[in-house]
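J.: Listed in order, the protein sequences are those of chains S and Y. Take the first sequence: its position 151, counted from the start at 1, is 1329 in this note's numbering, and no numbers get skipped. Take the second sequence: its position 159, counted from the start at 1, is 150 in this note's numbering, and no numbers get skipped.
One should not assume that every hint holds.
[To be verified] Simulated pairs of lysine-lysine, DSBU-like, Cα-Cα distance not exceeding 35 Å:
(1) Y/K116 <-> S/K1356
(2) S/K1274 <-> Y/K(-7)
(3) S/K1213 <-> Y/K112
(4) Y/K79 <-> S/K1356
(5) S/K1353 <-> Y/K184
(6) S/K1213 <-> Y/K5
(7) S/K1274 <-> Y/K79
(8) S/K1353 <-> Y/K5
(9) Y/K112 <-> Y/K1
(10) Y/K184 <-> S/K1213
(11) S/K1356 <-> Y/K51
(12) Y/K1 <-> S/K1213
(13) Y/K187 <-> S/K1312
(14) S/K1353 <-> Y/K187
(15) Y/K1 <-> S/K1353
(16) Y/K112 <-> S/K1356
(17) Y/K184 <-> S/K1356
(18) Y/K79 <-> S/K1353
(19) S/K1353 <-> Y/K51
These aren't lab readings, by the way, just hints derived from the structure by calculation. Bear in mind that the values here come from a model prediction, so they are computed numbers and not experimental data.
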Amino acid sequence: MNAAQFLTIFISAVFIYNVILSRFLGLCSFIAISKQTKPALAMSLAVMFVTTMSSIITWFIYRFLLLPFNLTYLRTISFILVIATFVQFVEMVIRKISPPMYRFFGIYLPLITVNCAVLGVAVLNVDMFFINGKAAQGSFYYSAFQGICVGLGYTLAMLLMSGIRERLELCNVPKSIKDFPLGFIIAAIMSLSFLGFNGFSR
Amino acid sequence: MKKYFKEFIKGIAKENPTFVLVLGLCPTLAVSISVINGIGMGIAATFVLLGSNIIIAMIKDAIPDRIRIPCYIVVIATFVTITELLMKAYSPALNRALGIYVPLIVVNCIVLGRAEAYASKNSVKNSFFDGLGMGVGFTMALILISGIREFLGSGKLLDQVVIKGYEPALVLGMPSGALLVIGLLLGFFNLLKNRKT
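Just chain S, with the same shape it has in the complex:
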């Protein structure tokens, strides 16, 4: 476990392999909720929290349940069930503890269950930090950190996109490419500019 490894994870998860712009995870919510900055921020924070927590939880499940009992083929089922249950649980807790926050996150929390980014980061962690059926050294910290970084990358892309789209509301756009198509074209240009970070990896 060293600082350089953490820096590499940070840069590759936030910039080079940005969840949305390069891995295409969580694209549905990215296009649907990025019309205004405030809901975009709420969604991003909720995603960041859930990716971090699900990275931690799925690490424990993989390390202490699936690996020792040779059940790694149950990875997909167990991960998605745990994530769905966890999201439901968080929703209940937030509703009980803080109604204003519940209203702030509102409908976005249940949507996260089917957000590919959350399951994606769990599967990625397993692929990257468990080599030959063994946990690599410090894999727990790397997994948790990668969860945070993927959330950060999601937030970055979401805020950039919602800022641009708020401005676009005032523009005169051809009817056919309004909304979805234009969103994708903007995302394409953003993704192109993120290619500039590619040189960082070496």
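Starting from the known structure of chain S, arrange chain Y on it as the hints suggest.
T.: What follows is chain Y alone, placed relative to chain S:
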């Protein structure tokens, strides 16, 4: 028979999952670098759609309403695991090319969307044809997108050189190319729709 055909054809044109419903985009964009990948992903998703639609239509009366989503997810995840294991055994190269997007079929909105919107309300036979139609529609959309990207991005189709001495537009092989192609295609289909009305 005609009724079933209608269920089947609906997924291909009128309610195409990719271009009309705009669902399940993550795998569509990520794997559409080459036509082979697109077809592989399409078949995998069709298999999962068919299986989950049939099972859910069978057990819809036994599932309590409040916990239906977790039940659907378990059924879908089972079929995804079957697909993953089959693909690992019979076509490891394809499995490597599709990578993490195979397990991610679980969270493909098309599958859960059809389970919730169609299979939970209709008979087994109807659900079978609905799943088949949606799967074929999804596969065709994938072939279209990956065909455009592979052709313009490398001058090849199905790994065969089509134009000799073609200077490839590399950007189409990159992530941004996928976003650009789907954006323009969606715009094009909207234009056709607007023309008609």
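J.: So if I understand the rule, the pair passes when the alpha-carbon distance is 35 Å or less; does Y/K79 with S/K1353 pass?
T.: violated, 45 Å
J.: Measure nothing beyond the straight line between the CA atoms of S/K1353 and Y/K184; if it is 35 Å or shorter, mark the hint as holding.
T.: Answer holds: S/K1353 to Y/K184 is near 11 Å, not above 35 Å.
J.: Going straight from one Cα to the other, do Y/K1 and S/K1213 come out at no more than 35 Å?
T.: holds, 30 Å
J.: For S/K1213 and Y/K5, compute the direct alpha-carbon distance and say whether it is at most 35 Å.
T.: Given that 35 Å is the threshold and the Cα spacing comes to 27 Å, the pair holds.
J.: For a C-alpha distance cap of 35 Å, please report whether S/K1353 and Y/K51 respect it.
T.: violated, 41 Å
J.: Is it true that the CA of Y/K79 sits at most 35 Å from the CA of S/K1356?
T.: violated, 41 Å
J.: Taking 35 Å as the top limit, are the C-alpha atoms of S/K1213 and Y/K112 close enough?
T.: holds, 33 Å
J.: Straight-line Cα separation of Y/K112 and S/K1356 no greater than 35 Å?
T.: holds, 33 Å
J.: Would the pair Y/K112 and Y/K1 pass a check requiring their Cα atoms to be no farther apart than 35 Å?
T.: holds, 17 Å
J.: Would you mind confirming whether the straight-line C-alpha gap from S/K1353 to Y/K5 stays at or under 35 Å?
T.: holds, 20 Å
J.: Are Y/K184 and S/K1213 close enough, with their CA atoms no more than 35 Å apart?
T.: Distance ~24 Å between Y/K184 and S/K1213 Cα, so the pair holds.
J.: Regarding the pair Y/K1 and S/K1353, is the alpha-carbon distance no greater than 35 Å?
T.: Holds, at about 25 Å.
Hint compliance for this structure: hints 1, 2, 4, 7, 11, 13, 18, 19 are broken, all remaining hints hold.
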